[in-house]
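Sequences and hints are given; from them, build the entire structure.
First to last, the sequence lines map onto chains D and U. Per our numbering, the very first residue in the first sequence carries number 809; after that it's consecutive. Per our numbering, the very first residue in the second sequence carries number 809; after that it's consecutive.
Derived by calculation from the structure, the hints in this document are not laboratory data. Incorrect hints may have been included.
No copy is singled out in the list; a pair is fine if it fits within one copy or between any two copies.
Derived SDA-like pairs (lysine to any residue); straight-line CA-CA distance at most 20 Å [stated by the list, open to error]:
hint	residue 1	residue 2
1	K897	Y960
2	K1030	Y858
3	K977	I891
4	K1106	E1013
5	K897	T958
2 protein chains.
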Amino acid sequence: MKEVKVKVLKPYNIYIAHDFNLFKGLLERYKCHSLFIVTDDTVYNLYKNYINQIPNIIGVTSIKPGEGSKNINTVLEIYNSLIKSNANKKTTMVAMGGGVVGDLAAFAASTFMRGIRIVHVPTTLMAQCDSSIGGKTGFDYNGIKNIIGTFYQPEFVFCDVNFLKTLDKRQFLNGIAEVIKYSIVCDDGLWNYLMQNKRGLLERESDKLIHVVHQCSKIKAKIVEEDEFDNDKRQILNFGHTIGHAIESYFNFEILHGEAISIGMVVESYISYQLGYIDISDYKTIVELIKNFGLPIKIKVDDVEKLMEYIKKDKKKINENIKFALPYNIGNAIITGDLKENFVKNAIKYCIGG
Amino acid sequence: MKEVKVKVLKPYNIYIAHDFNLFKGLLERYKCHSLFIVTDDTVYNLYKNYINQIPNIIGVTSIKPGEGSKNINTVLEIYNSLIKSNANKKTTMVAMGGGVVGDLAAFAASTFMRGIRIVHVPTTLMAQCDSSIGGKTGFDYNGIKNIIGTFYQPEFVFCDVNFLKTLDKRQFLNGIAEVIKYSIVCDDGLWNYLMQNKRGLLERESDKLIHVVHQCSKIKAKIVEEDEFDNDKRQILNFGHTIGHAIESYFNFEILHGEAISIGMVVESYISYQLGYIDISDYKTIVELIKNFGLPIKIKVDDVEKLMEYIKKDKKKINENIKFALPYNIGNAIITGDLKENFVKNAIKYCIGG
Chain D
809 MKEVKVKVLK PYNIYIAHDF NLFKGLLERY KCHSLFIVTD DTVYNLYKNY
859 INQIPNIIGV TSIKPGEGSK NINTVLEIYN SLIKSNANKK TTMVAMGGGV
909 VGDLAAFAAS TFMRGIRIVH VPTTLMAQCD SSIGGKTGFD YNGIKNIIGT
959 FYQPEFVFCD VNFLKTLDKR QFLNGIAEVI KYSIVCDDGL WNYLMQNKRG
1009 LLERESDKLI HVVHQCSKIK AKIVEEDEFD NDKRQILNFG HTIGHAIESY
1059 FNFEILHGEA ISIGMVVESY ISYQLGYIDI SDYKTIVELI KNFGLPIKIK
1109 VDDVEKLMEY IKKDKKKINE NIKFALPYNI GNAIITGDLK ENFVKNAIKY
1159 CIGG
Chain U
809 MKEVKVKVLK PYNIYIAHDF NLFKGLLERY KCHSLFIVTD DTVYNLYKNY
859 INQIPNIIGV TSIKPGEGSK NINTVLEIYN SLIKSNANKK TTMVAMGGGV
909 VGDLAAFAAS TFMRGIRIVH VPTTLMAQCD SSIGGKTGFD YNGIKNIIGT
959 FYQPEFVFCD VNFLKTLDKR QFLNGIAEVI KYSIVCDDGL WNYLMQNKRG
1009 LLERESDKLI HVVHQCSKIK AKIVEEDEFD NDKRQILNFG HTIGHAIESY
1059 FNFEILHGEA ISIGMVVESY ISYQLGYIDI SDYKTIVELI KNFGLPIKIK
1109 VDDVEKLMEY IKKDKKKINE NIKFALPYNI GNAIITGDLK ENFVKNAIKY
1159 CIGG
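Written out as structure tokens, the structure reads:
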């Protein structure tokens, strides 16, 4: 079992393994003696035997899978179930699922009785590499992604790469998009590893998966430690996301997050090239890597003006212009000053038509 | 202007004054250049001239006054208004009102975009002495008081005692109940001051009000510093509240919080006497002081079993039995081990019938 320490105000560990039994030992070690599980129907159906083996469960809420559940009604559903299960301040919530389950459960945990403990058991590559680390919780409201949320660090995170083997291909690639993002904004050897191990990864070999989850956890932990509350450094993780979030909203969350940010990374890499931060060959290599893993690099947008409206609504917008996290050579990133609307619009038109 | 420093993880100041103009200077000093006001209709109607003088307001939400508003729907109303006003991460929320406004606004501020700044301008004695200090936010859900909430410290608190002069008598006494609580659990000279200055206080003389708000702020700050996240020491502030909260629920929030905790303090002082923590003369003096200020010391409860159910549901309950914060002589308090249900029930029957 590999360990990564996240040294934030309230430090915690990420454990990476391929044996679910180790989880029971961790629950004992962390004295979690009253557990409330939040999961989704897909994970619950696949892993109910695992879940039933966990001792001291006082209640289980299984939500409808998908981004569409990431709203206030699902949060209220979790509160209702906590109350019905007589959860109290000593209860530990276990979020077992992808990013949606993790974000919603952690929001509920951070606000129920002003905060009960939470343990993350991410079951998707996206969640293991990214969303379960760093304490961001939240849900969408009025069509705006993650507009409501808190910062709330878990007791620990347990990543079992065996979960990744039951993901359908599209869900797995969804996570690969975030892995590619890490390799571009904060390399640490990951970029070359991805170039060289595409096949083993796509075949989900345990050692390859563990390596990638471990590398991504270390990168994310380092960035979160420098900027726990998302004031500056952490914004480099938004590479691909300013355009990506807008694409998700534009398509009413019918495309996956990783697909949207893949397209977002293409557009934003082009912007980076236009600004002289990367050269044309870097831009082409990024597009190539995304494409080679089987992720989309464009999507037909009929109404670019409408897409621009979503970009401007994005919560990272502070003034009238638009900020981006952009690659600066491969393996580094910077936050731009505000870019003009027309400049962004032209990049979108160049990359994805419209 | 008096100042009290609250030395928590993110330290902040409480300012106590009787000149609203000082507030504008503080907003400038704290660089609050985009303000979103949350208030209630009573405060807004009385003070709209004041509010309109504040510069850089991007939006105002005025909620319906009273405990009945302390629910998820009002929180959503605040989110809607923030979005409509184009609030962003640089916006500072100003909560101008009593405890309900403060708790709701601070919850919304702590969760909007994962946290925007909040300034408290408490307008009731209850809020100035108690609820605006210490960072507790929250709302009621499924009939359970403050079951949902966060810990979220403000930028600063501005207490203008002039606000207290327009409170109706019942609302003013509501706050006196918390002041009496402070004098019992953590004296610091306040108990004798209350005994000796009842008339001046009830006539709301500025110097008396400033003295009391200043003393209570210092006591509360000290307790909060020792236990920011309400794990032990802070629980002494729950004196009167275990019974008090249950009475509020039982009467469907139709009696005021201060009235409920006055009765709660009577019952819990009796329990303290029964356990030998205070003697009979202390018990009688407490009841006398509460009564002399014009606060209730009993209320007719037809169904004591139903009241017991509310006590057991109280969020401070951890196991099967019931914990209390009880006076230990006048000026000190302790947290009891778990008390048996029957023992509590008998005390209720003795003090308030049923």
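Hint check:
Taking identical chains as interchangeable, the C-alpha atoms of K897 and Y960 lie at most 20 Å apart whether they share a chain (15 Å) or sit on different chains (18 Å). Taking the shortest alpha-carbon separations for K1030 and Y858, neither the intra-copy value of 32 Å nor the inter-copy value of 47 Å comes in at or below 20 Å. When the C-alpha separation of K977 and I891 is checked against a cutoff of 20 Å, the pair qualifies neither within a copy, at 37 Å, nor between copies, at 37 Å. For a Cα distance limit of 20 Å, the shortest separation of K1106 from E1013 qualifies neither inside one copy, at 29 Å, nor across copies, at 70 Å.
Proximity of K897 to T958 under the C-alpha cut-off of 20 Å is found in both arrangements, the shortest distances being 18 Å within a copy and 13 Å between copies.
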